[in-house]
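When you get a sec, could you build the whole thing from the sequences and use the hints?
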Amino acid sequence: MRIAVFVKQVMDPEAVLAFDESGALVQNEQNLIIDAYSEYAVERAVQLKEELGFEVIAVTIGDENSIPAVRHALSMGCSEAYQVSDPDQLCTIPELKAQVLAAVAKEVSADLVMGGCMSADTGRAQVMPRVAEILGLPHVNKVVEMRLEGNLVCTKSEVNDGIAEIDVQLPAVICAQEGLAEPRYPSMWDIMQTRKKTIQTRSVNEYATSCASTSHLAVVLRLKEARKSGSIIEGETLSEVVQKAVSALRDEAKVLWGA
Amino acid sequence: MHVFNEEEREILTAVKRFCEDRIKPAASAIDEEDVFPRELYTELGKAGILALTAPEEYGGLEISVHCWLECLSLISAASASLSMSVTACSSLMFLVSRFASEELGQKCLPKLATGEAIMCACITEPNAGSDVSSIATTAVLDGEHYLVNGSKIFITSGSVADYFVIFAKTRVGDKEGLICLLADKTMPGIRITRDEKKLGMRGSVTSELWFEDLRVPIDHVIGNAGDGFKVAYNTLERGRLYVAAMGLGIARAAQEAAVEYSKTRVQYGKPICKYQAIQNKLVDMEIGIDAGHALVHSIAERIERGEQTIKQASCAKVFCSELAERVTAEALQVFGGYGYCKDYPVERYFRDAKALPIFEGANEVQRNIIGKVILA
Ligand SMILES: Cc1cc2nc3c(=O)[nH]c(=O)nc-3n(C[C@H](O)[C@H](O)[C@H](O)COP(=O)(O)OP(=O)(O)OC[C@H]3O[C@@H](n4cnc5c(N)ncnc54)[C@H](O)[C@@H]3O)c2cc1C
Numbered sequence: 005m006r007i008a009v010f011v012k013q014v015m016d017p018e019a020v021l022a023f024d025e026s027g028a029l030v031q032n033e034q035n036l037i038i039d040a041y042s043e044y045a046v047e048r049a050v051q052l053k054e055e056l057g058f059e060v061i062a063v064t065i066g067d068e069n070s071i072p073a074v075r076h077a078l079s080m081g082c083s084e085a086y087q088v089s090d091p092d093q094l095c096t097i098p099e100l101k102a103q104v105l106a107a108v109a110k111e112v113s114a115d116l117v118m119g120g121c122m123s124a125d126t127g128r129a130q131v132m133p134r135v136a137e138i139l140g141l142p143h144v145n146k147v148v149e150m151r152l153e154g155n156l157v158c159t160k161s162e163v164n165d166g167i168a169e170i171d172v173q174l175p176a177v178i179c180a181q182e183g184l185a186e187p188r189y190p191s192m193w194d195i196m197q198t199r200k201k202t203i204q205t206r207s208v209n210e211y212a213t214s215c216a217s218t219s220h221l222a223v224v225l226r227l228k229e230a231r232k233s234g235s236i237i238e239g240e241t242l243s244e245v246v247q248k249a250v251s252a253l254r255d256e257a258k259v260l261w262g263a
Numbered sequence: 004m005h006v007f008n009e010e011e012r013e014i015l016t017a018v019k020r021f022c023e024d025r026i027k028p029a030a031s032a033i034d035e036e037d038v039f040p041r042e043l044y045t046e047l048g049k050a051g052i053l054a055l056t057a058p059e060e061y062g063g064l065e066i067s068v069h070c071w072l073e074c075l076s077l078i079s080a081a082s083a084s085l086s087m088s089v090t091a092c093s094s095l096m097f098l099v100s101r102f103a104s105e106e107l108g109q110k111c112l113p114k115l116a117t118g119e120a121i122m123c124a125c126i127t128e129p130n131a132g133s134d135v136s137s138i139a140t141t142a143v144l145d146g147e148h149y150l151v152n153g154s155k156i157f158i159t160s161g162s163v164a165d166y167f168v169i170f171a172k173t174r175v176g177d178k179e180g181l182i183c184l185l186a187d188k189t190m191p192g193i194r195i196t197r198d199e200k201k202l203g204m205r206g207s208v209t210s211e212l213w214f215e216d217l218r219v220p221i222d223h224v225i226g227n228a229g230d231g232f233k234v235a236y237n238t239l240e241r242g243r244l245y246v247a248a249m250g251l252g253i254a255r256a257a258q259e260a261a262v263e264y265s266k267t268r269v270q271y272g273k274p275i276c277k278y279q280a281i282q283n284k285l286v287d288m289e290i291g292i293d294a295g296h297a298l299v300h301s302i303a304e305r306i307e308r309g310e311q312t313i314k315q316a317s318c319a320k321v322f323c324s325e326l327a328e329r330v331t332a333e334a335l336q337v338f339g340g341y342g343y344c345k346d347y348p349v350e351r352y353f354r355d356a357k358a359l360p361i362f363e364g365a366n367e368v369q370r371n372i373i374g375k376v377i378l379a
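Which chain is which? The protein sequence lines are R and L, in order. Those letters in the first sequence? Residues 5 to 263, by my numbering. Those letters in the second sequence? Residues 4 to 379, by my numbering.
Read the hints as simulated data drawn from the structure, not as lab findings. Just to be clear, a hint being listed does not mean it is correct.
Each pair of labels, with its calculated beta carbon distance range [said to hold, decoys possible]: (1) L:E46 x R:D67: 28 to 38 Å; (2) R:E25 x L:S301: 30 to 40 Å; (3) L:I313 x R:A129: 57 to 67 Å; (4) L:V6 x R:V223: 30 to 40 Å.
Just so it is clear, CB atoms sit at the ideal spot from N, CA and C, and this is done for glycine as well.
Laid out in structure tokens, this is it:
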């Protein structure tokens, strides 16, 4: 049995964000880390490998900055790794990325496809369901627990106020939510061992049927404006405070009329 | 300037992550409780961080000195007291792999590299601090053993150690000399009398030990009988560089905390970082840390080339330990009254930094060493 796990390299959520003049995010290798949601998926896949002897293939798309993410997945215990080289970052568009990943999943003959339910940077939550659609496979989103029973993937999935228990037939697509598994720290020995493994590289052009079919594009990125500090209304009596609040709402915030 | 290769960057990312996720959140409690965090140390060993400097033949990974210095800085920034044990361990692994026999190396290095065992260096005595030549502990040859008697003080990790590297006076022919011996805690005759209560580096135990008719087999001599000074000075040379890296880590942690705080603390209607007096403090910290960084890496470069670094290591130890003292004091000042309280970690950085100019050879003595070289 073969599991393909998709991993993404993202900006460290702790890092201070900076933008260049064109409004693009300034990335440097110091503040890039493996996406947390991808990591939950990798951990669970590696656990399945250890329990049941599966093959786990880590796959990423990106420029050379994406390599550390798959290396990390290898250090955690994945058996093989693929990088779909995308030096011009064409695949920042979810539909294109899904197209490419679906093709890779087929190529590596994956019986189970795993990845994060969204990524910690853009949080678009689109890629995995799209991959499932393209491959015509069932998918379960926001999975917090999963096990295999023969050909059945038994999952617990987070829904609004509770948990849905959903079983799907293999082959299937599983999207990891926080809690699916506690990612291990690869030891320094694992990291050094991993350096001896080769990462198979493919070019994005081998898979993408059309790079022009872009339905949307990120034009500019900027930080949200910092919230202005509020003010505390004080007064001797309750009615005085209420009076002041009403005046403030009417005269300053201009959200009340006629009061 | 050393440029870290991909492998080193990967190691540093992993160490940084371990520090952020595991060490930093525990640091305040380690200080508060003043108990050696054995579990965390074991975890550090399991993660392979202690193995990074150990030789490959003993299960280590033998990374570059440059990379190890960065690791030490990262660990020190997260918890200086934990880094005391890590620094001691790596200095002693250096000593054992360089001067001890293959058998002794096999006996302890693999366990040190995985964090299963802890080692301590027993040099200082109540009447032999800076003046190592006054060591009064004796090792007397008695058949197949050395009989060791005496007391040691301020021994890092003493009460939690499995292995003891002991420096003692001995007779070599008709002369007196210093001997370096490896004892382990299963040998009868090692008594731990107390752990010091300290200003900082709390959670790193600093112990007083007594050796009473401790019998150490003669094949447990490190180097030759009489080579004690040579062994000590070669190891201290490396240890001093490690202390410099610790200083840089503590200074960096303090500076980053001060920069962040100064951006959010508003007085007279402006964040205090807008006042030149505060900004200059932050800038001076940055200049010092950058200079210290360049200095320690220039020494790492020399070590990688196989050159001697006695004077340079002393320079780095003095510069970076005093930098850490200054930077932590100024960072505390930037925090004002809040810095003096335990709600923020700067007061801990300040207390921890105060140890650096004292141990691994007090700075006054380092200046004597440097003075001797430049006046020779
Ligand atoms: C936290 C901590 C951890 C330690 N860990 C270890 C350890 O693991 N193993 C170990 O063996 N020791 C350890 N030590 C001991 C440490 O190495 C000694 O404290 C240090 O060498 C100074 O010795 P002393 O304390 O006896 O001071 P003294 O030697 O009494 O010095 C007192 C003062 O006089 C100055 N002075 C002394 N001689 C001269 C001189 N010739 N010229 C100018 N000034 C001079 C010193 O610089 C110092 O300022 C540790 C100490 C501390 C604080």
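Here is how each hint holds up against the structure:
The beta-carbon spacing between E46 (chain L) and D67 (chain R), approximately 34 Å, falls within the hinted interval of 28 to 38 Å. Take E25 (chain R) and S301 (chain L): their Cβ atoms lie about 36 Å apart, and the range 30 to 40 Å holds. For the pair I313 (chain L) and A129 (chain R), the supplied restraint of 57 to 67 Å holds, since their beta-carbon distance comes to about 59 Å. Taking 30 to 40 Å as the suggested C-beta distance range, the pair V6 (chain L) and V223 (chain R) conforms, at roughly 36 Å.
Of the numbered hints given earlier, the model fails none.
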